[in-house]
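Going down the list, the sequences are from chains A and B. The numbering of the first sequence is the working numbering, which starts it at 1 and goes up by one. The numbering of the second sequence is the working numbering, which starts it at 1001 and goes up by one.
No wet-lab data here; the hints were simulated from the structure. A few of these clues could be false.
With a straight-line Cα cutoff of 16 Å, these simulated EDC-like cross-link-like pairs (lysine to aspartate or glutamate) come out [said to hold, decoys possible]:
1) Lys203/A to Glu3/A
2) Lys175/A to Asp144/A
3) Lys62/A to Glu3/A
4) Lys68/A to Asp1259/B
5) Lys177/A to Glu167/A
6) Lys55/A to Asp1259/B
7) Lys1258/B to Asp1171/B
8) Lys207/A to Asp190/A
9) Lys1003/B to Glu3/A
10) Lys132/A to Glu1071/B
11) Lys26/A to Glu195/A
12) Lys1006/B to Glu92/A
13) Lys132/A to Asp121/A
14) Lys175/A to Asp146/A
15) Lys173/A to Glu191/A
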Amino acid sequence: MIEFKNLHKRFGKLVVLDGLDLEIHKGGIFAILGPNGSGKTTLIKCLLGMVIPNKGDIFFEKKSVLRKWAYRNNLNYLPQIANFPPNLTVLELINMVKNLRPKESNEQELIELFGLKSFLDKKLGNLSGGTKQKVNVVLAFMFDSDLIVLDEPTNGLDPIALIHLKEIIQKEKEKGKTILITTHIMSFVDEVADEIVFLLDGKIYFKGTVDAIKKQTNNDNLEHAIANLIAKQYA
Amino acid sequence: MLKILKYSFYDLMRSRWSYVYFLFYLLLGFVLLFLNNDVDKAVITLMNIIIVLTPLIGTIFGVMYYYNSKEFTELLLAQPINRSKIFMGQYLGISISLTLSLVLGLGIPFVLYGLFKSAAIFNFSLLLVVGAFLNFIFVALSYNIALSTENKIKGFGYAILMWLFLAVIYDGIFIISLVVFNSYPLDKFSLVATMFNPIDLSRILILLKLDISALLGYTGAVFRKFFGTNFGMLISMGVLVLWVVLPVLRMNFKLRKKDF
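Start from the sequences and build out the full structure, keeping to the hints where you can.
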């Protein structure tokens, strides 16, 4: 479904992606992991067309995405930081995003699930960080798209919202969606992810199931298994 | 693009600063008219204020809006829309809401004063047109600076320096060069030098329409000969349009290679 081919990206002298090759098949939850600055966000942003790679190509549903924009109608994105125009209300924001995409949406269900009904008329500037993140989640999940990209989805969510988020992710997976997640919270990965893609030095260092990574590192605990991989970089 | 424009515009029109800006002009208009009782003089005073203030406010609003909406812009960039449409929408949203504050803020007191019956209506409209141009020019310039500068503080600094240069320093250099080279014919030079600064161009354009160019001496006469005619008016308006179009083109060019 997604294919990264020989992807290179430099920011000045800093090489972030160094000939990365990766193929992700349709269906399932993929966790993209790696130490800070390993290029997780850059990889995702390349896919979304926000960062333009120096070299290489990216294919989404067999078509190259570079310098295109229409393909984004079939993917949803949850950005890391939820920051919205402060003087718009929640409802106006949701309508705006709906307006931009010629697509069915099921925001009502999500608004109810996250208890946002009483916030609909409030200005976004007056909301707390957690509530903004809930709005962010609603915006990311309200469209029916084949690919869902989540950048640190657990940021600032309370335990109930977190449970709901996990439920939604599972539900989307059952519908056959492909979900990419980056996060630093390993228990979350352990719980939801089917496969792990581990980035190191701008390349794919490991790709496989959660069990495979535990086996390879001889570690039962995912957090320690990942720490083990990262420690090799420091050595 | 229109959808983005609509929401940027809504967002800005409800911002406290738009109201402050609007109320400032409203107050200014009332004070100048009803204390001065002379529309022509009021227009000159207004010109002196508009010519410095609109560029400053346009610059500040432009950079602030860009950096404050950075994360939201990222969300928009992940939607199925063309990049340049997002930024053009935001740019027009800022420029139009600032222009509206200016036109309504000054327009209301002038209409109440009975502007339509006065002969100053043309001068006054020219003032508003020039003010609108300055808004569009300086928002575009500041957006260019913000797009090229990752660091918020630096971007803000460069933008203010740009304003300071065009509003103050440029004139200083201009005057010094006139004094230093005063034994040479300078009319052509000063005419061209004026074109390279939108603030100067706007000032001269209004001054010469106000029939006080006799104060400007010989150079004033040359200027008057140029700007006073329809041809000169057309050229200077054309240059103002260029001052909008060129930064906007650069913005679009920059956007094609920019990483977010």
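Status of each hint after checking the structure:
At most 16 Å may separate the alpha-carbon atoms for a hinted pair to count; Lys203/A and Glu3/A meet this at roughly 14 Å. A C-alpha spacing of about 10 Å is found between Lys175/A and Asp144/A, which places the hinted pair at or below 16 Å, so the restraint holds. Our distance criterion of 16 Å between C-alpha atoms is met by Lys62/A and Glu3/A, whose separation comes to about 8 Å. Distance check on the hinted pair: Lys68/A and Asp1259/B sit about 15 Å apart at the alpha-carbon level, within 16 Å; holds.
Restraint check: the Cα-Cα separation between Lys177/A and Glu167/A comes to about 14 Å, which is no more than 16 Å; the hinted pair holds. With a C-alpha separation of about 14 Å, the suggested pair Lys55/A and Asp1259/B falls inside the 16 Å cut-off, and the hint holds. Only pairs whose Cα atoms come within 16 Å are accepted, and Lys1258/B paired with Asp1171/B is rejected, the gap being roughly 34 Å. Between Lys207/A and Asp190/A, the direct Cα distance comes to roughly 15 Å. Compliance with the 16 Å bound is thereby established for this hinted pair.
Of the supplied pair hints, the one linking Lys1003/B and Glu3/A is violated, its CA atoms being roughly 32 Å apart against a limit of 16 Å. A threshold of 16 Å between alpha carbons decides the hint, and for Lys132/A with Glu1071/B the separation of about 12 Å falls inside it, so the pair holds. Our distance criterion of 16 Å between C-alpha atoms is met by Lys26/A and Glu195/A, whose separation comes to about 12 Å. With a C-alpha separation of about 11 Å, the suggested pair Lys1006/B and Glu92/A falls inside the 16 Å cut-off, and the hint holds.
Distance check on the hinted pair: Lys132/A and Asp121/A sit about 13 Å apart at the alpha-carbon level, within 16 Å; holds. Note on Lys175/A and Asp146/A: the hinted pairing holds, with a Cα-Cα distance of about 9 Å set against a maximum of 16 Å. Distance check on the hinted pair: Lys173/A and Glu191/A sit about 13 Å apart at the alpha-carbon level, within 16 Å; holds.
When each numbered hint is compared with the structure, violations occur for hints 7 and 9.
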